[in-house]
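Position chain S against the provided structure of chain U, taking the given hints into account.
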Amino acid sequence: MRFRALLPAMILGSCCAAWAQSPTYGVGRKPTPEEIRAWDITISPDGENLPAGSGTAREGAPLFAQKCAMCHGATGSGGLAPMLIKPETPVKSSMPCLAPCIGPGNVMALHSPYATTIWDFINRAMPYQQEGSLKPDEVYAITAFILYKNGVIQEGDVLNQVTLPQVKMPNRDGYAIPDWKPGMPRPFQTNR
Amino acid sequence: MNSTKPTSSKQPTDSTKASRRKFLKTGAAAAALGAVQTAAGQTPVAGTKSLKDLIAYGERSPYVTSIRVPVEERPSPDEFGLTFHVLTPLQDSVGIITPSSLHFIGTHRGSIVPDIDPKQHRLMIHGMVDRPLEFTMEDLKRFPSVSRIHFVECLGNRSKPGDKTVQETHGLTSCSEWTGVPLSLLLKECGVQKGASWIVSEGSEEVKGAGSIRLAKAMDDCIVAYGQNGEPLRPQQGFPLRLLVPGFEGMYNTKWLRRIKVVDRYYMTYNDYGHISKDKDVAALTFQWGPKSVIIFPSGGQKLPGPGIYQLTGLAWSGGGAVRRVEVSTDDGQTWKDAEIRGMAHPKAHTRFGMDWKWDGRECVLQSRCTDELGQVQPSRAELAKFFKVSPDYYKTHGTQGSDNTIQPWRVASDGSVSNAI
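Protein sequences, first through last, are from chains U and S. Residues -12 to 179, numbered by our numbering, are exactly what the first sequence covers, in order. Residues 204 to 625, numbered by our numbering, are exactly what the second sequence covers, in order.
Just so you know, these hints were derived from the structure itself, not from any lab. Treat the hints with caution; some may be incorrect.
Said to hold, decoys possible - Computed Cβ-Cβ distance ranges for the label pairs, DEER-style: (1) U:9 <-> S:398: 18 to 24 Å; (2) S:513 <-> U:35: 58 to 64 Å; (3) S:283 <-> U:35: 49 to 55 Å; (4) S:509 <-> U:74: 51 to 57 Å; (5) U:159 <-> S:593: 25 to 31 Å; (6) U:169 <-> S:541: 24 to 30 Å.
It should be emphasised that the depicted structure is a prediction, and the values quoted were computed from it without experimental measurement. Yeah, the Cβ is synthetic: ideal placement off N, Cα and C, and Gly gets one too.
Chain U on its own, in the form it takes in the complex (with noise of 0.2 Å):
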């Protein structure tokens, strides 16, 4: 079916070579490992790309408070940045709603349907003027500790590359992924 999908792309397409043989223009650089790897922050929700490393809640509470809580607040809402700690009373938010809105019903915690989409971020986008300054451990003890606060791990939880995918996420199974393929209509529209 995939193939398929693929097929006319690969007819119309300039390249007279069949699909993965030789280029057609020979133009750009071949990366070294080394390079792909300093690049390469995707994290797959199975953990491939995970770096080594470790962290739990109590490691991650005094990171939180450091690097964290001047924007997200001090319990993790409330602060000008989204909150990230469900409260345990409802607070009005005075944070506008980003993409995506949050509230205390979808703090990224409970609502990622993986744990790595969140170590991905942190790692990648966090902290704010400092992105991509924390050592692996520090990303896996900060979200440990966002993920215990919201009850979602216990406080002494180890995280790291083999047990950050098997954290049983709130919202795991809380989403469809729509089939794409070219000129397909989206299914409800009404067709006259």
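Same frame as chain U, but now just chain S:
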């Protein structure tokens, strides 16, 4: 996302006034005096730039004051200096191309627009490919280019009852001619491996914003774009390089593109997770935009001076392909009449429509309805409510399910004032 609420109409009006005042103070006096040479031998025009500068790089007339405005709930710049979502002034648009400096802005998380030296910029394609490759901007220009006219629209573009103008209801869509290399060509150059099914694209801004699309879409019509409307991309639009995913939600059109990883599953990036839905019927209304249209004259906040003949005009577009037909109703959807397509109907592009319209001075509700080349017809909110088995009033307090392509009604009151009737 659903409640991303654009700014009230007060702001553009005030800003327009302010800029007009500024012009009156600084520019008009100089203009009225004609080509008065200053001591430096330069002629001041419209206040800020010398004639020499204006000859080198032109500016719009000081009488043209149309501006973008940030969405109200998350100002740009925000407390952190980040640019988030900024609305294009559709009400002032002519034709189908959005001027690059008025193109709407959306960023991942909110972002500081990066300052990138194109000589230093690289695009890496890796993952499930036979030959990972890294391209400089010069490398990319050694591949054959395409130039295509496409809209880009943010998922947050949804009309809400409090929105007053078309800038507020629909200002997160824009249309440009994009120039670049077909992504399929670059992927073939790298040799996509069997079993690959998705790509993850990533920007080089400080948050490294990323999004996932199916490989089938990547191989279909995506463009690795370096040009917009006859010049290099503007920094706010991804200079020097962005991904163009025609017809898909704006989020996938990764700006400041630096890396594409070919993978074998849906990678749930931060941005992807923000757009997911558990309900498969809702999820199916994401990724690709449905047929959509909006009347921009007359539209909310405008006022007709009196009964008589007008050019009713608007824009229609669809992520499914070219616009085939636009119908207009002037009686709140009871009867429909075909509008003219004025200009070209490019696939997945804003398409201008219009018709002669004689207003009799009575209150009425204006609507437009788009049909695309796949035969998809733009639904009303009532039709959407029926499909999702909710009350039609549901949308007074909730966002529409999926990406919102529902019909926009404008009420023309007997005094000629136009308001949002959603």
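Now the hints, each set against the structure:
1. Range check, residue 9 (chain U) to residue 398 (chain S): Cβ separation about 20 Å, and the 18 to 24 Å hint holds.
2. Take residue 513 (chain S) and residue 35 (chain U): their Cβ atoms lie about 60 Å apart, and the range 58 to 64 Å holds.
3. Range check, residue 283 (chain S) to residue 35 (chain U): Cβ separation about 32 Å, and the 49 to 55 Å hint is violated.
4. For residue 509 (chain S) and residue 74 (chain U), the Cβ-Cβ distance of about 55 Å falls inside the hinted range of 51 to 57 Å, so the restraint holds.
5. Distance hint check: the CB atoms of residue 159 (chain U) and residue 593 (chain S) are about 27 Å apart, consistent with the given range 25 to 31 Å.
6. For residue 169 (chain U) and residue 541 (chain S), the Cβ-Cβ distance of about 28 Å falls inside the hinted range of 24 to 30 Å, so the restraint holds.
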